[in-house]
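A.B. asks: Let the sequences and hints guide you as you build the complete structure.
Listed below, chain by chain, are the residues.
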Amino acid sequence: MADSRTKTSDNSLGKQFAAVFKRDLLLSFRRKSDLANPLIFFLMVATLFPLGVSPEPNFLAEVAPGVVWVAALLATLLSLDGLFRSDFDDGTLEQVMLSPQPLMVVCLAKVAAHWVTTGLPLTLMSPLLGLMLFLPSDAMLGLMASLLIGTPTLSLIGAIGAGLTVGLKKGGVLISLLVLPLYIPVLIFGSGAVQAASIGLPVVGYLALLGAMLALGFVLAPFAISAAVRISVSG
Amino acid sequence: MSEPLLKVVDLYCERDERVLFDGLNFELSEGQLIQIEGANGSGKTTLLRILSGLSSHYEGDIYWQGEAIRDAKHSFLAALLYFGHQPGVKGMLTPIENLRWYAAIHPSLDEGSINSALEAVGLKGYEDVPCHSLSAGQNRRVSLARLYMNRAQLWILDEPFTAIDKRGVAAKEALLAGHVSQGGSVILTTHHDLSACGPVTKLNLDELMGT
Amino acid sequence: MAVSKWLPRWFFQLASPRWCYEITGKLLPGFLIAAVFLLGVGIVWALGFAPPDYQQGNSFRIMYLHVPSAILAQSCYMLMAIAGAIGLIWKMKVADMVAYCTAPIGASMAVIALATGAIWGKPTWGSWWVWDARLTSMLILLFLYFGVMALYAAMESEASAAKAAAVLSLVGLVNIPIIKYSVEWWNTLHQPATFTLTEKPAMPAEMWMPLLVMVIGFYCFFSVSLMLRLRNEILRRERRAGWVKDLIVPK
Numbered sequence: 239m240a241d242s243r244t245k246t247s248d249n250s251l252g253k254q255f256a257a258v259f260k261r262d263l264l265l266s267f268r269r270k271s272d273l274a275n276p277l278i279f280f281l282m283v284a285t286l287f288p289l290g291v292s293p294e295p296n297f298l299a300e301v302a303p304g305v306v307w308v309a310a311l312l313a314t315l316l317s318l319d320g321l322f323r324s325d326f327d328d329g330t331l332e333q334v335m336l337s338p339q340p341l342m343v344v345c346l347a348k349v350a351a352h353w354v355t356t357g358l359p360l361t362l363m364s365p366l367l368g369l370m371l372f373l374p375s376d377a378m379l380g381l382m383a384s385l386l387i388g389t390p391t392l393s394l395i396g397a398i399g400a401g402l403t404v405g406l407k408k409g410g411v412l413i414s415l416l417v418l419p420l421y422i423p424v425l426i427f428g429s430g431a432v433q434a435a436s437i438g439l440p441v442v443g444y445l446a447l448l449g450a451m452l453a454l455g456f457v458l459a460p461f462a463i464s465a466a467v468r469i470s471v472s473g
Numbered sequence: 015m016s017e018p019l020l021k022v023v024d025l026y027c028e029r030d031e032r033v034l035f036d037g038l039n040f041e042l043s044e045g046q047l048i049q050i051e052g053a054n055g056s057g058k059t060t061l062l063r064i065l066s067g068l069s070s071h072y073e074g075d076i077y078w079q080g081e082a083i084r085d086a087k088h089s090f091l092a093a094l095l096y097f098g099h100q101p102g103v104k105g106m107l108t109p110i111e112n113l114r115w116y117a118a119i120h121p122s123l124d125e126g127s128i129n130s131a132l133e134a135v136g137l138k139g140y141e142d143v144p145c146h147s148l149s150a151g152q153n154r155r156v157s158l159a160r161l162y163m164n165r166a167q168l169w170i171l172d173e174p175f176t177a178i179d180k181r182g183v184a185a186k187e188a189l190l191a192g193h194v195s196q197g198g199s200v201i202l203t204t205h206h207d208l209s210a211c212g213p214v215t216k217l218n219l220d221e222l223m224g225t
Numbered sequence: 002m003a004v005s006k007w008l009p010r011w012f013f014q015l016a017s018p019r020w021c022y023e024i025t026g027k028l029l030p031g032f033l034i035a036a037v038f039l040l041g042v043g044i045v046w047a048l049g050f051a052p053p054d055y056q057q058g059n060s061f062r063i064m065y066l067h068v069p070s071a072i073l074a075q076s077c078y079m080l081m082a083i084a085g086a087i088g089l090i091w092k093m094k095v096a097d098m099v100a101y102c103t104a105p106i107g108a109s110m111a112v113i114a115l116a117t118g119a120i121w122g123k124p125t126w127g128s129w130w131v132w133d134a135r136l137t138s139m140l141i142l143l144f145l146y147f148g149v150m151a152l153y154a155a156m157e158s159e160a161s162a163a164k165a166a167a168v169l170s171l172v173g174l175v176n177i178p179i180i181k182y183s184v185e186w187w188n189t190l191h192q193p194a195t196f197t198l199t200e201k202p203a204m205p206a207e208m209w210m211p212l213l214v215m216v217i218g219f220y221c222f223f224s225v226s227l228m229l230r231l232r233n234e235i236l237r238r239e240r241r242a243g244w245v246k247d248l249i250v251p252k
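Protein chains in written order, with our numbering: chain A, 239 to 473; chain H, 15 to 225; chain Y, 2 to 252.
If you are wondering where the hints come from, they were derived from the structure by calculation, not from laboratory data.
Be aware that one or more of the hints could be misleading.
[Unchecked claim] Heads up, incomplete: computed chain A residues facing chain Y, CB under 8 Å, no partners named:
#: 1; residue: 402
#: 2; residue: 416
#: 3; residue: 418
#: 4; residue: 466
#: 5; residue: 473
Bear in mind that the values here come from a model prediction, so they are computed numbers and not experimental data.
Where is the CB? At the ideal position from N, CA and C, for every residue including glycine.
C.D. replies: Below is the structure:
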């Protein structure tokens, strides 16, 4: 019985992270709709603006940075509800909490898997939206860079909301309510980066700020996420 | 004689304005099996969740090997195996994948004995079938397979005999008896008669509450 | 916890709902009188005696309601988050109750701040709403309040709801400076001619003294409001305790 403690400290943290990360990726790939739906939603939201307002190129080019970012925000929010829910429903989340390893490692691994299946594809798909909304081609790189750094932060903050609401029967709209105000700084600087890029101004400052937010989120969010999950499972 | 393994002092829990238990005291030593009885809804599952540390909605103290449980969380969880109300099995994964994941997150589980454990619960041949294609009873057995591949000292089991056929029941009884005879301890809830597993300490929640 | 060693004794005495009920009973009349007096004096002074602003004339007097309510809205959020944290760390029921009672008061203050801001904006800028940095930040603060209140409403178990709301308020607290900075930056980008609603450069004493009176009066009003709600909440949650039964059914 005594050797179990020595075994847990060395390779198990990384091994646990890898195991949870791989498992979540595997689960997402086995249910292809989980992967595709946020991307389709992303595309649809961007389409609503020309349809609902005006397809005029000058107008669309001006609003494109904000529209793509808002669409990315909403698509991320939509996919967050399922982050912990299926694990909660079938009892595996309970078992995770009973692991002697820190819960934060598991939460980080899940958020990482969530980003790889949501934020990263959104980032890769964003030039397509930029094209449809007449974003100048100089801005494409800035668009992708801002989304690449911003979407992990969205996943991290959103996971807090997902953790808080996983025990509730109808989590859906509530997550958005809890998480959207917290997304606003990322939105401001993310779309600011793309706007600057489209006028030809340097983007590095914005990316640095987004990076700082990501760093802060990376350090602080896991505490909040694991506290939230514990509260939900305990109730 | 050493300290009791688990000591519960003055446990109080209420749920939905109903007091489930008040002033509950008991001890669990090595090599002891405690069966918790009570009518449905009397709080058996809640008690097990409190004892395993999942729920913190209680007042009172719980001690593991002499230390308060929140101070000894790491050693407690390393020595605990919990089988809960829900199977704890992911439908989209196969039994082997499920058990491999369990072995990764819980150090007391031995990954090498996955195949023999699955065979012991009668799932030989189904190792690579996604669990959503298996029956509810088979899903529970996947989770129970952990009992055959672990070195945990304390087993907390919630209705482990549900949806298990006669042959499986006999095997589980032998498993429990074996664990207890090697110094392990078990707390479980079940309506099943456990006399085949050796001496059983019974804890009846209805009697304790006078309901 | 190590930090518990240097906390004063009254901090732990606060953990008793009954003691809280008794002490708020004693403090309530004093705060009520102070609130009525200060608000009365403040309003009369602000509306009647303070000099009109040279640019905005008399319409700026709404500031005497806008600024105190904005200050209160922010203070309440901080109180809610800190009380929630205390409830979470030391498992004090009273702290949870304080957080729960503060939320709607703070949200109402935010609404008053937004409404008075809008009323101020109409004669000044001609429109009921303007995406000014301070108003936008206040709106986001209101959303944060709504989130916390929605979480309380959605969770059935009061103990879980208190903990979850505490976590959310703390996350919000950490974010508030980030949000403020982001919104201010965003505002300077889109409105180069900033016209702040409060004159940041020196306000003469005839203007900020009634403001100070109003702010303190608002704080007293908040204390009265909180104490009333807290007392109700204590009675409601402790209704099965002996001392509550003795209160309600006199011997």
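A.B. asks: Evaluate each hint against the coordinates.
C.D. replies: Evaluated hints:
| no. | hint | result |
| --- | --- | --- |
| 1 | 402 | holds (5 Å) |
| 2 | 416 | holds (4 Å) |
| 3 | 418 | holds (7 Å) |
| 4 | 466 | holds (6 Å) |
| 5 | 473 | holds (4 Å) |
Figure legend: structure checked against the earlier numbered hints; every hint is met.
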